[in-house]
Amino acid sequence: MEADDKAAAAPMLSVTGLSKSFPGVQALRSVDFDLRPGEVHCLIGENGAGKSTLVKILAGVQMADRGTILLGGEEVSFVSPVAAQDAGIACIFQELNVVGGLTVAENIMLGAEPGRFGSVDKKASKERARALLDSVGFHELDVTRMCADLSSAEKQAVMIAKALRQNARIIMMDEPSSPLEELEVRKLYEVIARLKAASKGIIYVSHKMREINELGDRITVFKDGAKVATLDRGEADSEGLVRLMVGRQLTERFPTKNREPQAAVLRVRGLTGPRVQGVDLDLRAGEILGIAGLVGAGRTELLRTIFGADRRLAGKVELDGKPVRANSIPAAIAAGFSLVPEERRSQGIVPVLGVGDNASFVWDEFPGRRVDRATRRETALRMVEKLNVKTQGLDQRISSLSGGNQQKVVLGKWLSMNTRVVLLDEPTRGVDIGAKREIYRIVDELARRGLGIILVSSELPELLGLVDRLVVMNSGRIVGELPGSAAEEDVIALSMLHAA
Amino acid sequence: METAARGWRSIDRRTLQTLVTFSVLLLMCLVFSQLSSRFLTLSNFQNLMRNTAPLAIAGCGMTAIMIARGIDLSVGSVLAASTVLAAALAVAGVPLYLAFALALLFGALVGMANGVIIAGMRVSPIIVTLGMLNIGRGIAYLISPSAILVGLPPNWSDIGTGKIWILPFPIVIALAVIAIFMWLTTSSKFGKRIYAIGGNEEAARLSGINVERTLVVLYMLCGFTAALAGLVLSSRVGSGDPNIGIGFELQVIAAVIIGGTSLSGGEGRILGTVIGALIIGVLSNGLNLAGVEPFWQYVAQGLVLIAAVIVDSRVNEGLLKLGRK
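Protein sequences, first through last, are from chains A and B.
Using this note's numbering, you'd call the opening residue of the first sequence number 1 and step up by one each time.
Using this note's numbering, you'd call the opening residue of the second sequence number 1001 and step up by one each time.
Bound conformation, chain B alone (with noise of 0.2 Å):
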């Protein structure tokens, strides 16, 4: 009896997690369905999908890094700086996918200072990318002060509105990068290692794991989705913009949390962060559709983030209760 209790506790505590937060997408769906005739169409689901996959992609890299015990803040500008680095560099006459390498290339750059001072020096990642979240806006603005729209190559835009059969591409890019983050987490020795160091950081330590490199490595693949995150929303919006991803860190974040990581790491699974994504960004095309203004749509967009905590913890702490008895 206690073992079929603690069996059904360890196999399905987190699937469960994973299943309650799919079930509110999917009311979600329901309630919007009857509020708008407009939001259960193909085109609105495109449309729905291609505004979420930045979400999901830069949410991949947070997850990881999340899972880690780390957390990154600096994404909103990591993502507008290295967007910024590619109109310019495609506005001076570099090839675009060129532009669009070297842009990611920064992304992933920018993430390995960000890990070299937090794992290397010692210092709470917290203050590490607070402060990276400055410079990295300010290198945007440094780029170009205002946005870039002339001189941009007329296939700028492929990337954000071109389409497979009826997958828009920022929705092809965004399912390659669950795939492998998916893999990364639960079937690569790389990911025991993130969840070692996140769940028990002296145990990975002594299992030989080298966990400041580890630690590096997290944070400048959060810097390169970041970076992939923001071509893909700029190029959809036909421009390099310096303004662009203000406040995108905390939706990530958001999405992250949705998804049923923990804030004290060793937690945390890569579906959960695309159905939280893909909450964020049910809540916002759903609200628009049924006519809410779009300030009411933030004050929607916290509520759902506490409920979500609170509902984790408490299914949580239930499952814990009936795990002991």
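Chain A extracted, bound-state conformation (with noise of 0.2 Å):
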């Protein structure tokens, strides 16, 4: 019965072989997926496995290489994400698009706003909108409220009549979940029922197993770029879904950990900022600690707030016993800190300044304060020379030189300080094989010197291969601890299966 209801179903898009490559990656390996008309249609994957590729070329961000994509029979392609919008795809990005300096109202009609000789008939645009989130649930929203002022879950609601206003038939939902507290998610699940009763089709990303398992009446998995199965609901529980998703065979090299970790340098207690909740830590000289979780399960905001870059609220951190005082980088910086940021092109370089220049501004600044010329370019020249940076001279511009290279220099300039703890936002991001596992070495051998290192890291081959042992986070929290040994599927389910 249930079979014959599914074969009258016949999709209202259907993508073959979509493949999509950047420099170094491949996004996208010929890829196959369809969605039915009424279907909530989940894709999971880890970070990077493709899924988010995917919705961006479905949505008109990216242009695929190869494939085609057929939308009620017939083949499209978008070349902007205007076109996907017209050929009635919806997108709910997390970055929600909505003008703050205009209303409930004025947002849902934006561009399409009813009235004469140019005006804006008020009222009409008013009932409109209305009449649009009524039929979705969301009563008692208040179509004149600024979206400035709207919560996460408002400005959702907002971008879901204004999909409905614009006639879409697909909506894609980009863990639209994520930013909301328990109640409105549940509000969020009836207006999925309500769109699915309209006969929708849509597709949902989320990396939280309990909403899939409740949600998704299909479950597509990605790993690596490429479609690995697609399921119906019930068809996998939760751990078999995790195993789906990993598995990938090991490329990289990694040091032997023979290690000896040795007293404790870092304790962390009760700390608390703006997305950090309550972690307590320890670390110990001549540790590798991995930090792992999802994207925005506050892994970056945690070294942040132990750095000083972001608002310590409560909590205390102490370098060798002693406190360090917070909110001040430099006060961390001397206590003996070092920070090697996510973004190394905005955050980590000055991009038109030379090698030698990125490496020694730090050194004036903090201890051995205000070194003369000679023992900068000295110092400079020693640190280039010993982590094998590829550059023809200290004034060459860091920003001619690759990924790998820059990255040096950014983790280098902290050597020739009284650094003791080093703090690793994603050190590989953006960096090719060859020069990745010369920052595996100098990690290494940093931890061999006897400093502590924290390193956050989304491929989770390279902080396994690498750490002593490792804390998962999730929503600002510490959820589990692991030792180094640890399997990847140990990992995911840690990150996961917690997710509210």
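There's no promise every hint is true.
[Claimed, not checked] If you only want the chain A side, here are some residues facing chain B, beta carbon under 7 Å, derived:
hint, residue
1, 81
2, 97
3, 99
4, 100
5, 101
6, 102
7, 106
8, 110
9, 111
10, 113
11, 118
12, 120
Derived from the structure by calculation, the hints contain no laboratory data.
Cβ atoms here follow ideal geometry from the backbone N, Cα and C, with glycine treated the same way.
Combine the two chains into a complex, taking the hints into account.
Here is the structure:
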């Protein structure tokens, strides 16, 4: 009976052989995918598994290299987000595209306001917006409120109503429940039920096992840019899905882990910041501690809060038994912290300056202050040599170096200081394989020299290959700890199963 | 409780801002009325308003552009070039009102050039209009290296000096422009696009709005209002002077900012700009009457601008905190 129903529902969207590559990465490998009217089709996979790329291609944000997209039986190719929208595909991205300075009604009707002679018929506009919001159950949202003042859930409501106003037949949602409170999530599920009843097709990207099992009529699992399987609801339990997502071949070589951590160097208690909730952490000298978790789990924020870059609201940080003053980067550096930030281009380097200047500007500000030119050059040269930075000289612009060599400078500049704890945030992002190995070697060497190292990385094999121990974060909290010998599945299970 | 606080904030944040600016204006009037007995007279108010009219007129066009996160630094020289053009045409025998119309068209065309380069070629508006600031001044001097006084038709000064009942023409014109721009920003479809572009350009694009075309129209409007402000000003002065309006663009931008329009776009009101223009007008008029040296007026204007921005950000911050609690 159920099988008959499915056969009857022809797909409204079907994708075949979709491929997309970026320099150095095959983001999507010949993916097939389809969506039926009135269904919620969940996409699941690790960070970078390809689900976002698929969504972006369908939304017209990126163009596929190969493959066909059939929409209602006709082949389409979207050159722009507007083209996708006109074809009836709406996208509720995480960075919600509402205009803060306009009201709810104005946002919903933006671009298609009712009214004659260039005037907006405000009454008709409000009525139409009201009807659209009511149709998905947002009865209590006042259409005259300014969007800048809305909560995430309310902004989502505006986006959904606007999608309906644009006659969207397919609605893609990228982790819509992550910014929401529990009650709001319930509400979202009700809205989705209404959209299903109206025969809309819904593509739902999520990391949360619980909601995937609750919402997904079908689930497609991605791994390394390829589709692993498409399952019907109930065909696999959470553990089964996790197993499908992992199991990659190890291609990297990591330094052997025969380091011997010594005395405790860092003690963090009850650390709370904008997106960090009461974190306790201990780190020993000579130890590499990994922090795992999904994007948005609060890993970067934890490092930044320790470093004084994000606001510390509560809790204490002690280095070698001495408390570190809150909210002061100079104090953190003076105490012995160093940070390799997440975004190298925008946070790690000063692109227009030379290699030498990029390395030495921290030296001028902190211990060993105001070093003279000669010492500076000498120190920089030693670092370049020691870390094997491929550069024509200290005066070469750092932006003309490869990503890996830039990163070596960002990391290396700290080594001539009295650093005790190195905070590494995605140190190998955008770096080629060869440079990755060198960075692994440097990190290992630093640990052997007795520094404490905290490593955040979204690449699980890298994290597991390097660390002595790792903690898993979720929603700003530490939800578990695993030994460095843990399996990928254990880490993913901890990161995802705990998700609310 | 929470919704009440939010509601209060959403409805009143901008109205409150306008009220604060308005109270500052009233306070200044109060102070000047104590300093000089001539301040609170009908003739002084007519004079004050007439002097402020060009600022308010050009401020309307500037507000619209700044809401869309643009800026136009060329208004001072566009003003000069178009009035000199009108004067030269009038002296050459072109009927006066045709000369005025051509001058307005010239202003709009310069604005269009600004808009096309900014929106079409994606160049920073500051740089493009800074260039245009020089070009416009150059054109003004090329048309006439010195002020055109002789040969202007006798009715040249009509719009600057005439009045309807107790309202001088410049005020009538300013009120008309203000009314049109108020409708444009609050009640028209075009207005929604301006706020959308300034607040979130990507969202505007995704709503099917032609961002480039809208920007071009905005810069045209700004060039047009600058030219109109120029005609009002030079008709009152009774000449077509290429030296007119030097530094005018900064006064206009100051009026817009004092009026609560944000430099980062997406927010702003015509009413605020009008109050901002009046604050600047009252300040110079009042200081004059009080016998303060003109040089101090620059200092006072600068202080008011800085104070306005500080008060504005404090008010916003305070309200945000209140809304969160």
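Evaluated hints:
Contact between residue 81 (chain A) and chain B, as hinted, is supported at the beta carbon level, the nearest pair being about 5 Å apart and thus within 7 Å. Taken as an interface hint, residue 97 (chain A) checks out: its beta carbon lies about 4 Å from the nearest beta carbon of chain B, inside 7 Å. With its C-beta approaching chain B no nearer than about 4 Å, residue 99 (chain A) sits inside the 7 Å limit, and its interface hint holds. Look at residue 100 (chain A): its Cβ gets to within about 5 Å of chain B, closer than 7 Å, so that hint holds up.
At about 4 Å, the closest approach between the beta carbon of residue 101 (chain A) and any beta carbon in chain B falls short of 7 Å, and the interface hint on this residue holds. Taken as an interface hint, residue 102 (chain A) checks out: its beta carbon lies about 5 Å from the nearest beta carbon of chain B, inside 7 Å. The interface hint given for residue 106 (chain A) is met, as the beta carbon of that residue sits about 6 Å from the closest beta carbon of chain B, less than 7 Å. Interface restraint check: residue 110 (chain A) against chain B, minimum CB-CB distance 4 Å, threshold 7 Å, status holds.
Taking 7 Å as the C-beta contact cut-off toward chain B, the hint placing residue 111 (chain A) at the interface holds, the least distance being around 3 Å. With a cut of 7 Å, the hint placing residue 113 (chain A) at the interface with chain B holds, because the nearest CB-to-CB distance is about 5 Å. Hint on residue 118 (chain A) holds. Least Cβ distance to chain B is approximately 5 Å, under the 7 Å limit. Proximity of residue 120 (chain A) to chain B holds as hinted, the smallest CB-CB distance being about 6 Å (cut-off 7 Å).
Of the numbered hints listed earlier, not one is contradicted by the structure.
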